[in-house]
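Engineer: One line per chain: the protein sequences are S and Z, in this order. Under the working numbering, the first residue of the first sequence is numbered 1, with each subsequent residue one higher. Under the working numbering, the first residue of the second sequence is numbered 1, with each subsequent residue one higher.
If you are wondering where the hints come from, they were derived from the structure by calculation, not from laboratory data. Owing to the predicted nature of the structure, the values given are computational and were not obtained by experimental measurement. C-beta: ideal position from N, C-alpha, C; glycine also. Incorrect hints may have been included.
With the C-beta cut set under 10 Å, the calculated list includes, among others, these residues of chain Z facing chain S [unchecked claim]:
(1) Y46
(2) H62
(3) W96
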Amino acid sequence: MTRALEVESHDTATSSTMASRTDEPLDQIFSFRELARLDEALTLSSRETGLRFTLYVGDLGTPTRARAEELHAHSGGRTAEAVLIAVSPGQRVVEVVTGSAAARRLPDRACALAVLSMTTAFAGGDLVGGIINGLRQLSDQAGRPTHR
Amino acid sequence: MCGAGKLSAVTVAETILVFAGGPLAVILVLALLTIAPGVRNRRPRYKPGQPWDHAPVWYEPHPDGPAHGGAHGDGHAAITAGATPAGPLGGARGTW
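Sequences and hints are given; from them, build the entire structure.
Structural biologist: The following block contains the structure:
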């Protein structure tokens, strides 16, 4: 016999604690399904390649490359193995920044190819699909880590 | 020859009901089935050329292993941590 799930709130947040995570405002940019796809793509490609893929969606300043490199330097962990995909839909620019170790496995040509497929999808208004396709191309190109 | 019963003339109202009302009802049902799902989850979709006035977000992968819960607030920690130079950088740029 099926019963309705108990939906009683166990929220213990007070004024001196942070708000419960379920109280955070809904993300207006992407739906939950799109967020789940992005999360899966980022995590799987990072896990497969041993590189660290991060995704930035937002405005990049006027020299977009400089801002993207600055973000890449702040991306935490071993930045040499970090790959930043920075998408600025307002400026219609996407930047891919690879650290020095990641650049050996992801040559600039491969990045340019992934960027091309991303911009094609973006021009059609498909942000999430483009990002996921680009991530897939980048991780396919990088392959598996040789040493482990 | 009409042996079974009496035939009666069809009125104008009945004609309109059958030949206009019926198809109209079918069309309305089909239109409702077509339009309703799109109206329900209407979301501001990105179109090229629109201004982007959302706050910037930075997504990062989950850390390795089955550890949970650490990935949510790491954006701030990563930003406040010092910048680490990563040697010569590579990459690509694209516009659309």
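Engineer: Confirm or reject each hint.
Structural biologist: So, going through the hints one by one against the coordinates:
no. : hint : result
1   : Y46  : holds, 5 Å
2   : H62  : holds, 5 Å
3   : W96  : holds, 4 Å
Checked against the numbered hints above, the structure violates none of them.
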